[in-house]
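Trainee: Next come the chains, spelled out residue by residue.
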Amino acid sequence: MVLAKGEVSEVKGLMLRGGRSVGGRYVADWRTFRPVVDASKCRKCWLCVMYCPEGAIGRGEEGAVIDLRFCKGCGICANECPAGAIEMVREE
Amino acid sequence: MTEFDVMPGNKAVAYGVKLSRVEVVPIYPITPQTTIVEYIGEFIANGELEAEYIQAEGEHSAMGMAIGASLAGARAFTASSSQGVAYMHECIAQAPGYRTPIVMAVANRTLGWYWALGPDYSDIMPELNLGWIVLMAESNQECLDTVIQLYRVAEDPRVLLPAMMSLDGFYLSYSYEKVLIPDQEVVDEFLPPYVAKYPVDPTISDKWPAPGLPPALHTTYRRLFEEVLGDAKRVIKEVDEEFREIFGRGYGGLLEEYKCEGAEAVLVTMGSMTTAARRAVDRLRREGKRIGLVKLRALRPFPKEEFRRIAEEVNVIGVVDRMVLHGTGGGGVFADLKSALYSLEERPKLLNFVAGMGGDDISVEDFMAMGRKVHRVLETGRVEREVEFVEHPLPPSRGPVPMEKMPIYPSSGGCAGCGASIALRNILDVLGLNTVVINPPSCATVNYSAQVSVPWVLANYAAGPAYETGVFRAYRIKGKTGRIAVIGFSGDGGTVDIGLQALSGAAERGESMIWICYDNEAYMNTGVQRSGSTPLFSRTTSTPVGKLWRGKGQRRKNMVLIMAAHRIPYIATASIAYLPDLRRKVKRAAEITAAGRGLAYIHIQQPCPTGWYFPVDKTVEVARLAVETGAWPLLEIEEGRLRINFKPRKLKPIGEYLRLQGRFRHLTEEEIAEIQRVVEEDWRSWLELEKMGKLPWY
Ligand SMILES: Cc1ncc(C[n+]2csc(CCOP(=O)(O)OP(=O)(O)O)c2C)c(N)n1
Ligand code: SF4
Ligand code: SF4
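Same order as they appear, the protein sequences are chains A and B. Basically this note's numbering = 1-based index in the first sequence + 272. Basically this note's numbering = 1-based index in the second sequence + 4.
Isolated chain A (complex conformation) (with noise of 0.2 Å):
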């Protein structure tokens, strides 16, 4: 399986997982779309935040914010936006 690196300790031959070993991970050269919010329809229902399988999404002044170091592009997003207010667009 592989696992994600982890840290080595004080004690010898034993490998930790936690700490700086773990956050983030950037998958943004995963994607084929790009999901693009329009601000101005965003209704601030965050059902995309709740959603997003990414954690990619946040809640910003404006409206949806999405974080696109995290995004797979995988458009649920899109789909489950009551509003219409992102877009999937294909990357360049």
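Don't take each hint at face value.
[As the list claims (entries may be wrong)] Rough simulated footprint, nothing fancy, chain B against chain A, three-plus residues with beta-carbon under 8 Å:
hint	region
1	291-301
2	319-325
[Claimed, not checked] Chain A is faced by these chain B residues, among others (derived, beta-carbon under 10 Å):
hint	residue
3	Y118
4	Q145
5	L329
6	G331
7	R351
8	R402
9	P404
10	N430
11	V456
12	A581
13	L583
14	P619
15	V620
16	E625
Note that these hints are calculated values from the structure, not bench results. Since the model is a prediction, treat every value here as computed from it, not as a measurement. Glycine included, C-beta positions come from ideal geometry on N, C-alpha and C.
Dock chain B with the ligands against the given chain A, drawing on the hints supplied.
Mentor: Chain B with the ligands alone, transformed into the frame defined by chain A:
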């Protein structure tokens, strides 16, 4: 005419099984063995092999079934790897005594100590000294041929022992090579049907293999087994020789010597590494080094006499081991060889290289370096270091993105659109940082365990609820009940199949912890095999759709009722489409377990685009349709009171849900109607149970 095809090692094994006309195939998936299961399943589904095919609920059962079938007189085959072999161990130990000539393929993978998928022989190591024959394959052709040879050897009345064939995971299991497929008639002549002499069949025999022996006979029978294994050496050689005469290729019987003429030193290798070692020896020979190669084929019975003969001709032997005997300082084959040569008057010098553990690649250059070291001993006559570990630096990779602490960090290695991720993020968002996750092997292990900041314990597959119980009890004795949320997070396989025994125990004992099954309705991590939770007619890789099969032939287990039979305080189903409902249920489970009231069980349906074959943006849509059609009712049972949480006035037709998914694409209108009938029947039963107020057995 002999056909050929380009195929991976696992398919070559499956062809060996088909050509051997195996009659019973009990099996359980694990990487890198899984596709053996799938190829055999396809042969059977298409009517190319007539055999009983059983996907067991765990490897212990798979080997148990193989023993039962073999005892009853059928030719049986199974296959596994790593954790699976270890889980079989108890049954593996009994097979030789029962004299069941089972053939088992082991696609090697390191045994969990630290988990990895790559091969080494730590998985077969604990099985070596139980009386099985163990042969190693170097190529895909050898895999196919060895399966056939092994049935001849195992079923030979002079032997009558089970036999293992080891093929290196990935290097052989998934790598494509040209393989000749022998003619069935020729194989039939080489390998006649198995006729058990003393089957457990009252219509044939009134005697059967005894389960026990009086202590006074144990030592005697151990000696007899050593004699039988000695005879097995002769049989292995004879069978390989006969095979060579008929099929035009052989493998040297117990071992094969390569460029050993005039050699004063040899390297000993085994399995797929041998191919790179051959190239290194070719080059060293060209450099004028007097070095040869011995490929060890039979790990058991160990070819002691052959090695003694070789030892008389060479001055140095270097053993390349992919197996460490911890506590002895070196490798397993090295220890065997050393003890085999000890009583010789004149012994060659011995060196041991431990290499390739966990699938670390051993390159031609590595073998060149080992060959040179062996040669240096030849020149100097001195061994400076007896055992050397051949190590490589970690290749660079992108590290995690540092972030402010949260229970689970963004993104993962999981598939785009994975519903399990939606479930896990919402669960941890509700429970917060004081949570510990116990997780049996699954997609979640591979993809999400590296994303959390809360402790995440990888449990062995059958023992998730047991590991969790241990954690819970430790907290309890330390007075911490209720301060830390203890959750099991498991796939359906780890819950309804292999984990069910441990879960049932925990439920009945009233362990006050949460068990969450995220149900993608198949074994996804190993490539979509059926589970006890796979719905009727669903296509999976172990319930393929073929001439004879229409996907899974059975309905799924009703886990809610199974858990209710334990009278636990809280049971709920949930869906990733209904997150407020899901989050409320997780919170309720946390309250109940914090109060020490017993086990809380939450079963979440989680559509999986990869295994259900639908577009990745439809995960939530599919989940919603499952609820709206009644395929996945949302309900909860608190202290025996059942409540249906979502009750549409009319269920949508099931076709709306099924048609979105590739796993149901093969369904006929009649089959869809059958599913509709089953769904409605279940729905009515839930309504009736709800009306009862309290379930009768609470
Ligand atoms: C004893 C044992 N047998 C088999 C395996 C291989 N294995 C790892 S994950 C897995 C399937 C997981 O299926 P499930 O529990 O449904 O979780 P999913 O991957 O679908 O999320 C299997 C069979 C193992 N790790 N241990
Ligand atoms: S496209 Fe998928 S991963 Fe990207 S923000 Fe939307 S839901 Fe999240
Ligand atoms: S196979 Fe399915 S369950 Fe596993 S990570 Fe992919 S989408 Fe998720």
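Trainee: Which hints from the list above does the structure break, by number from lowest to highest?
Mentor: 4, 5, 6, 7
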